[in-house]
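S.K.: Sequence lines, in order, name chains S and X.
Going by the UniProt record's numbering, the first residue of the first sequence is number 1, and it counts up by one from there.
Going by the UniProt record's numbering, the first residue of the second sequence is number 1, and it counts up by one from there.
Just so you know, these hints were derived from the structure itself, not from any lab.
Please note: incorrect hints may appear among the correct ones.
[Said to hold, decoys possible] Restricting the straight-line Cα-Cα distance to at most 27 angstroms, the calculated cross-link-like pairs of lysine-lysine (DSS-like) are:
| hint | chain 1 | residue 1 | chain 2 | residue 2 |
| --- | --- | --- | --- | --- |
| 1 | X | 128 | S | 6 |
| 2 | X | 35 | X | 85 |
| 3 | X | 6 | S | 28 |
| 4 | S | 2 | X | 34 |
| 5 | X | 128 | S | 20 |
| 6 | S | 6 | X | 34 |
| 7 | X | 6 | X | 34 |
| 8 | X | 34 | S | 106 |
| 9 | X | 85 | S | 2 |
| 10 | S | 2 | X | 128 |
| 11 | S | 238 | X | 128 |
| 12 | X | 28 | S | 2 |
| 13 | X | 85 | S | 237 |
| 14 | S | 2 | X | 6 |
| 15 | S | 106 | X | 35 |
| 16 | S | 27 | X | 6 |
| 17 | X | 6 | S | 89 |
| 18 | X | 29 | S | 2 |
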Amino acid sequence: MKLHEKILTHYLSCTSPVDKEGYLFKKKERNATYQRRWFVLKANLLFYQDRPADRHLLGVIVLEGCAVRRSESEGQLAFSLVFEGPGLKTYRFAAGDGQTQESWVKALLSASHCYLSLLVRDLGRQYEEAKLQQGSGASRHSSSLSALTQPTHFLPVQGRATVVREGRSYSACPVLQTQSTPPKVVAKKSPKLWPRRNAHVTPLNGPAPLYGEWPLVGFDPLEDFSKLHDYYGQEVKKAREEWLRSRRAEDECIDGHLIDLG
Amino acid sequence: MRFNEKELVSLSRQPSEMAAELGMRGPKKGDVVKKRLVKLVVNFLFYFRTDEEEPIGALLLEQCRVEREDSQSFSIAFLDEAERKYLFECDSEEQCGEWVDSIVKASYEFMRKNLIFYRTEIHRLTGKDPLEQYGISDETRFQVNNGLQLTPRDTSSL
């Protein structure tokens with residue numbers, strides 16, 4: 001089967017941020033030795049190469065239909081990606097230290113498209129409920145947002161667990177416990193841009209931006225919903241305008257869907 | 001570049017609501033329309049020769065432009081190469097619309113933006129971060145200002 005690699009490498013190096021990157025040891029299947037590789041996780045794709053600055057990618061692992069397991073039998077810092085099905089592989093890794101191992105396991109657990117799909121569906125439902133509870137704000141809901149609120153159509157891989165209202169379980173992911181942390185303070189400053197990086201050239205060395213920088217669009221819960229939509233829609237508008245400008249002015253039917261926001 | 005081919009082929013066999021025989025034409029000059037079984041699974045578009053078990057190929061649906069070409073066909077352009085498009089011919093206007101819609105919404109980046117939107121909105125409406133209960137609030141991939149370019153606003157009233 002042909003995997004159109006250029007599409008993947010183009011996606012990797014485009015401006016949307018990388019989800020995680022760093023050195024891990026990958027176990028060779030044949031002779032059970034570990035080789036240090038630079039891994040870059042983006043969406044449901046795990047790329048690897050020799051070093052951060054390398055332009056040549058050694059490979060990619062598509063993270064669908066796999067479970068993330070800690071491999072106690074192979075050492076405390078080991079973990080694996082187990083693809084479930086006859087004849088399917090298990091990829092084995094080891095981290096340099098416990099913290100690295102934990103953060104990679106966590107990142108990989110939430111990496112699949114399937115997981116994100118269930119999460120979006122769940123949050124979409126919570127959002128609708130929250131709007132109803134707000135009362136009058138919901139009635140001015142902009143219809144152009146319907147594209148955002150519709151759930152995706154797809155079944156989870158292998159038809160496994162759908163989101164249960166109270167159970168909160170996801171396929172291939174452990175049930176996550178409710179945290180008892182205190183509510184985060186809303187930061188009173190404008191949101192920062194995520195620094196743009198080319199994943200091939202500039203490895204991320206610093207920590208991820210901190211949670212807490214919620215975009216400020218006003219505290220009034222009765223604020224016109226369409227203002228909020230406009231605020232978040234700025235980027236979309238800009239992308240659309242640029243794209244429309246570059247199009248030949250013909251009588252083509254341009255569908256009003258969100259396209260290429262990257 | 002190596003990739004987990006068997007696992008990807010296995011993925012292509014998963015049930016999908018968007019699977020149909022469409023006319024498909026590649027992006028190169030001289031490519032002609034061929035009948036293919038086209039199947040959308042997660043953010044990949046697989047295409048098979050009819051009645052074959054293994055797909056011919058897989059297209060990652062990220063960073064691509066999906067457009068209606070006419071009433072019954074749509075195109076997908078990758079690599080910012082607007083003129084190099086894959087063309088797909090459907091049986092009806094309705095089917096065509098469904099495909100365009102589904103492909104757009106299948107993109108991981110599209111879903112991520114939705115998630116960030118919902119997260120922000122739920123927090124605004126309820127004061128709570130909906131990801132906290134799942135212990136994933138700090139995951140880089142779900143950060144609120146992740147990749148979004150938000151135009152600066154006058155926040156002096158706050």
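S.K.: Taken at face value, is the distance from the CA of residue 6/X to the CA of residue 27/S at most 27 angstroms?
M.R.: Holds, at about 19 angstroms.
S.K.: Has the given pair, residue 2/S with residue 128/X, been kept, meaning a C-alpha gap of at most 27 angstroms?
M.R.: Violated, at roughly 45 angstroms.
S.K.: Just to be careful, I want the Cα atoms of residue 238/S and residue 128/X compared with a cutoff of 27 angstroms; is the pair within it?
M.R.: violated, 30 angstroms
S.K.: Would the hint linking residue 6/X and residue 28/S be met if the CA-CA limit is 27 angstroms?
M.R.: holds, 17 angstroms
S.K.: Quick one, are residue 106/S and residue 35/X close enough, alpha carbons at most 27 angstroms?
M.R.: Judged against 27 angstroms, a Cα distance of about 42 angstroms means the pair is violated.
S.K.: Measure nothing beyond the straight line between the CA atoms of residue 128/X and residue 6/S; if it is 27 angstroms or shorter, mark the hint as holding.
M.R.: violated, 41 angstroms
S.K.: Hinted pair, alpha-carbon criterion (27 angstroms max): residue 2/S, residue 6/X. Please report holds or violated.
M.R.: Holds: residue 2/S and residue 6/X sit about 12 angstroms apart, inside 27 angstroms.
S.K.: Would the hint linking residue 6/S and residue 34/X be met if the CA-CA limit is 27 angstroms?
M.R.: holds, 23 angstroms
S.K.: Given the hint that residue 128/X pairs with residue 20/S, test it: the Cα-Cα distance must not exceed 27 angstroms.
M.R.: Given that 27 angstroms is the threshold and the Cα spacing comes to 26 angstroms, the pair holds.
S.K.: Between residue 34/X and residue 106/S, is the straight-line Cα distance small enough, at 27 angstroms or below?
M.R.: violated, 43 angstroms
S.K.: Is the straight-line distance between the alpha-carbon of residue 6/X and that of residue 89/S 27 angstroms or less?
M.R.: holds, 8 angstroms
S.K.: Given the hint that residue 2/S pairs with residue 34/X, does the C-alpha gap stay at or below 27 angstroms?
M.R.: Answer holds: residue 2/S to residue 34/X is near 17 angstroms, not above 27 angstroms.
Comparing the model with each earlier hint shows violations of hints 1, 8, 10, 11 and 15; every other hint is respected.
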